[in-house]
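S.K.: This is what each chain is made of:
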Amino acid sequence: MRIALFITCFNDTMFPSTGRAVTELLERLGHTVEFPQGQTCCGQMHFNTGYRREALPMVRRFTEVFAGYDAVVTPSGSCAGMVRDHHRAVAARYGDDGLTEAVEQVVPMVYELSELLVDVLGVTDVGAYFPHRVTYHPTCHSLRMLRVGDRPLRLLRAVRGIDLVELPAAESCCGFGGTFALKNADVSNAMLADKVRHVLDTGSEFLTAGDNSCLTHIGGGLSRLRTGVGTLHLAEILASTEGDAQ
Amino acid sequence: MSGADNVVWLGTPAFPEAARGALADTRLRANLRRATGTIRDKRLAVAAELEDWEELRETAAAIKRHTLRHLDHHLLRLEKAVTAAGGTVHWAADAAEANRIVTGLVEATGEGEVVKVKSMATQEIGLNEALAEAGIRAYETDLAELIVQLGGDRPSHILVPAIHRGRSEIREIFRRQMGQWGRPAPEGLTDDPRDLAEAARLHLREKFLRAKVAVSGANFAAADTGTVVVVESEGNGRMCLTLPETLITVMGIEKVLPSFADLDVFLQLLPRSSTGERMNPYTSLWTGVTEGDGPQDFHLVLLDNGRTATLADEVGRQALNCIRCSACLNVCPVYERTGGHAYGSVYPGPIGAVLTPQLVGVENAASLPFASTLCGACYDACPVKINIPEVLAHLRAEAVEAGRRDRLLPTTEALAMKAAAAVLSSPKRLATAQRIAALGARLVARDGRIGFLPGPLARWSATRDAPAPARESMRAWWRRTRTTRRDESRTTAEGKEAR
Amino acid sequence: MSGRETVLSALRTALQDVPGSESPDDVPVPHGRRADHAGPDIVGLFTERAAEYRATVVRVPAAGAAAAVGRALARTGARSVVLPPGLPEDLVSQGPWSRLEDVPPLTVDQLDAADAVITTIAAAIAVTGTVTLDHGPGQGRRALTLLPDQHICVVRASQIAPDVPEALSRLDPYRPLTLVSGPSATSDIELDRVEGVHGPRVLDIVVIEDA
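Chains A, B and C are the protein sequences, given in the same order.
Position one of the first sequence corresponds to residue 1 (our numbering), numbered consecutively onward.
Position one of the second sequence corresponds to residue 1 (our numbering), numbered consecutively onward.
Position one of the third sequence corresponds to residue 1 (our numbering), numbered consecutively onward.
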């Protein structure tokens, strides 16, 4: 299968290790991964902050760059959700008929990583080995926009050596919310404090999720408090075949 | 007095500032956490009992959507049916007109006091204050509204306006204030909720028995029969709807349902969503006037007050589906931490954040659409499937547009967003920015973490570390490590890089 | 312009996106029961659910109804009981209580001083443990079941509908209707349920099994 990787602007800049992990994982499963160099951003930050018009060139670029692949995979629930739920609206409101049509073609091919693995490729055991205690935060957009359900957990449960611990109040938002963390920093902090406490309650070495943005938020709190708990994207655990992923 | 002045409380700071104060109040946070936690579990349990819950939600949303698209038609049907059943229908374009109508109706009875059933609509128009100006005393009879009224306070929750008060605070309010309004609190009042409820029973009983005029809201009204519905728990509603001679009901125009038969859907959804009960203790339905039973003079005031403006927005109009169950407040992680007062509106929480800016104009409540992480818990809980995150994001765009109209110069944020859009629309500019960021990070990061960020980003780094940008971006790594053989397939994409 | 014209014209302006060809009846909305909410034992479910609200529920054969009502009155020590017009005489037992008839209508003070009221019902709902009154014969005007502190409802098993949609379809919308689910209650203090506020604090339900 010819799969294009949409790394997302945030991962591209901050977490290339996640992109490398997705590539390694999919190639290990026998698929061809391509990385269109013309890709940039899905436009989520602009869209969700009220700058919809500014998101148009990003929607246009995404649609052109990712046309024609068997599947487009992205290691971000919220970016997948942006493409799936909002690209049509941006194209319809600010674009033209041609763009709207092109968006319709591309959107159904876009998958968040766990969706691609479980639904399209039909695997839950990806042959990973990760001998650590891990807890999983479902992230709001994976959970309630994409409705990935227990797909990530099914993938994690099949990882050899893993000690997967349930996160209390897992479905509560961590308080990130993109620019919310800056615009409403105090409320965001209060939410983060609860999430950090719940992570610590699990006694895990690692917190994982399908979105590095939420992990950066929670990880920022864990790091500031010198908790020693690491954060790792789901893809990096699934790609891991050796004892130490660090 | 305009409607906007009452829906939003003048003088309340923007949400982030108001929230800061609320967050510092540890007692408030404990009260809210306990109350919302209790109700969440109850709601989930009773919703799960109905295997067709999701279908019920779909049906309810469909009924509301359909009704709103022909709202004029259904309101005229309702007017006809209520009139035929012996009631009188009034129309009020705004709060001032509604208050004038109600005040006039009370004055015509010659009475100087009214008893009130809890009603968001009368709260929204500031009816109690308008009546007071005319020398008419309005007694709130719902327990939570009584707590708010006696405490000289503001409501902070749609269903439980005094949710921010714990039992010991309520006892203090009763002990200090009940005597000013009528029968004082019993000697030795404890903070046992049973005792507090008993005190309210005794205090209000004499008012119910002597009341000649009542004012209520309405949960629903059926256009085919003219039947009006009030859903309640304590029996104060039944007292007000049954014992007085005159009943005045103020109802938002969006509350109409096409038919009596539609009630089956909503009477299943509302109690389970709001108090987490299979059914609330009392639901009263009445159609006009019944000879020999209940008020013989019935007035229905249909209130617009910003609703038609909301209706005009094809995305935002779904906020008018709201049946005021407050499930969205109870599941909202932001509301749970700030409480209702921070929203500065009669309508707090997620639904308030979409309803308030539409009722009063987004420029008058510009911080509310941003008072959410867009986590989506509200949408999942909403029994009428209002896509609150969708409307929030839509209103953010409206708020930004309104800001653009009102300013000669763009805001710092607008400039930053514009600059970011330029970078994020071009792979070349993005790659350049990534190289600069990686260089800059080497100067400030320690062990790959950054502990202090400049400008508005300092709000992040106050409590969180930030990761340093990678030394080599994904795109740079790919270019360096992957051979050109693979690149042949992406020539079309590559071509755009020249832009 | 009157408020009426202002609102109606604002409504029509707001709804310009709705095509003129779309009629209000064009959007079909599914109605009725979509699932079996009650299971086979409707009477048993009603009894259980009503009791969960702390109503006192008993099941008796027809011949035992008056005695069950008498036991409910005796339990609370009622001294006076309101009897709505049209209440079957065989539901009332003799006891140390005075009988208050609503003809001519009792004043609110008389009702407030009364200890109990006995009524029949219009329909009941098993899934929610609800009784509904339409205030017809045997039930009386609404105030009768509101002011006395104990309400004793006599329910015939055949009156129990499985769920809300079925019960509503049995009711006459042109009559005043009251749905009662347990004694009055409030959740206004810390969202914790407390039984007993303004309405009757004691609700007794006597279910007469059909022969």
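Among these hints, one or two may not hold up.
[Claimed, not checked] Stretch-level coverage of chain C by chain B, calculated; a stretch enters the list once three of its residues show a Cβ under 8 Å from a Cβ in chain B: (1) 35-49; (2) 97-104; (3) 187-197.
No lab work stands behind these hints: they were computed from the structure.
Each residue gets a CB set at the ideal place from its N, CA and C atoms; glycine is no exception.
S.K.: Could you run down the list of hints and mark each one as holding or not?
M.R.: Going down the list of hints, with the structure as the test:
no., hint, verdict
1, 35-49, "holds (count 3)"
2, 97-104, "violated (count 0)"
3, 187-197, "holds (count 10)"
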